[in-house]
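Novice: Sequence:
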Amino acid sequence: MDKINIAIDGPAAAGKSTIAKRVAAALNMIYVDTGAMYRAITFAHLNNKEIPFNELVNQLEIKLINEKGQRVLLNDEDITDRIRENDITENVSFVASQPEVRAFLVELQQMMTRDKGVVMDGRDIGTTVIPDAELKVYMIASVEERANRRLLDNESRGIASSYDQLIADISERDHLDMTRDISPLTKAEDAVSIDTTGLSIEHVTDKILSLAEERL
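Under the UniProt record's numbering, the letters of the sequence shown match residues 1 to 216, in that order.
No lab work stands behind these hints: they were computed from the structure. There may be inaccurate statements among the hints.
The calculated BS3-like cross-link candidates involving lysine-lysine, where the alpha carbons are at most 30 Å apart (straight line), are [to be verified]:
hint	residue 1	residue 2
1	Lys3	Lys21
2	Lys3	Lys116
3	Lys68	Lys116
4	Lys187	Lys63
5	Lys207	Lys116
6	Lys68	Lys21
7	Lys187	Lys21
8	Lys63	Lys3
9	Lys68	Lys3
10	Lys63	Lys49
11	Lys116	Lys49
12	Lys63	Lys116
13	Lys3	Lys187
14	Lys3	Lys207
15	Lys49	Lys207
16	Lys63	Lys21
17	Lys207	Lys21
18	Lys116	Lys187
19	Lys187	Lys207
Assemble the whole structure, with the sequences as input and the hints as a guide.
Specialist: Here's what the structure looks like:
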């Protein structure tokens, strides 16, 4: 086997995207941030609330461009930084729970993995999008650690936030993601769990690379 797909799932701010990018770069694979795709549709929804989701998704073209990091284009508009702002974060769980949105993006994501060689992170990758992925990882971390990571990330982006509010927001996001009717956040039976609390980015990356080498 010379090509595999790697699915990385887990709750908000568990470090999935950071680790997935590093793993993809180390293995010369394609990285796909599915969370950014849901955020892109959330951005579109907030600007077009009068349009039903089944109509809205048919008006959208989402592209992920690997250039100076991964850029997110919605109908050719670069919205990479915009979709990390608080109003998007506060509404993305609701948008992601819509059947029309999930059907639209799951089909698009599955097309991206047909030829293998993809590292994809999200919340239902190993269970719904690519259940036949050769390597599945389920990343977790304490709510406190995840809130601190999100706080630092927001500060680097110039986004105002507070630690206590992030604790509340992440806890609520976990509840919404784990209890939604369609593709709830859950660990695939054959996924490897990694608790990243207190672990360095390098340590987690090396662990997943070791698992990937076994599959290859």
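Novice: Taking the hints in turn, state whether each one holds.
Specialist: Okay, the hints, checked on the actual structure:
1. Taken as a hint, the Lys3 and Lys21 pair is honoured in the structure, with Cα atoms around 17 Å apart against an allowance of 30 Å.
2. Distance restraint check for Lys3 and Lys116: the Cα-Cα separation of roughly 6 Å lies within the 30 Å cut-off, and the hinted pair is therefore satisfied.
3. The hinted pair formed by Lys68 and Lys116 meets the criterion: a straight-line CA distance of about 23 Å does not exceed 30 Å.
4. Note on Lys187 and Lys63: the hinted pairing holds, with a Cα-Cα distance of about 28 Å set against a maximum of 30 Å.
5. At most 30 Å may separate the alpha-carbon atoms for a hinted pair to count; Lys207 and Lys116 meet this at roughly 21 Å.
6. Only pairs whose Cα atoms come within 30 Å are accepted, and Lys68 paired with Lys21 is accepted, the gap being roughly 12 Å.
7. The hinted pair formed by Lys187 and Lys21 meets the criterion: a straight-line CA distance of about 21 Å does not exceed 30 Å.
8. Pair hint Lys63 plus Lys3 holds up; C-alpha atoms about 23 Å apart against a cutoff of 30 Å.
9. Restraint check for Lys68 and Lys3: satisfied, since their Cα atoms lie roughly 25 Å apart, inside the 30 Å limit.
10. Distance hint between Lys63 and Lys49 is fulfilled; the C-alpha atoms sit about 22 Å from each other, no more than 30 Å.
11. A C-alpha spacing of about 36 Å is found between Lys116 and Lys49, which places the hinted pair above 30 Å, so the restraint is violated.
12. For a cut-off of 30 Å, the pair hint linking Lys63 to Lys116 stands: about 18 Å separates their Cα positions.
13. For the hint pairing Lys3 with Lys187, the CA-to-CA distance comes to about 23 Å; that is within 30 Å, so the pair holds.
14. As the CA atoms of Lys3 and Lys207 are separated by approximately 19 Å, the hinted pair is consistent with the 30 Å bound.
15. Only pairs whose Cα atoms come within 30 Å are accepted, and Lys49 paired with Lys207 is rejected, the gap being roughly 43 Å.
16. Restraint check for Lys63 and Lys21: satisfied, since their Cα atoms lie roughly 17 Å apart, inside the 30 Å limit.
17. Straight-line distance between C-alpha atoms of Lys207 and Lys21 comes to about 14 Å, which keeps the hinted pair within the 30 Å bound.
18. As the CA atoms of Lys116 and Lys187 are separated by approximately 21 Å, the hinted pair is consistent with the 30 Å bound.
19. Between Lys187 and Lys207, the direct Cα distance comes to roughly 18 Å. Compliance with the 30 Å bound is thereby established for this hinted pair.
When the structure is compared with the earlier hints, violations turn up for hints 11, 15 and for no others.
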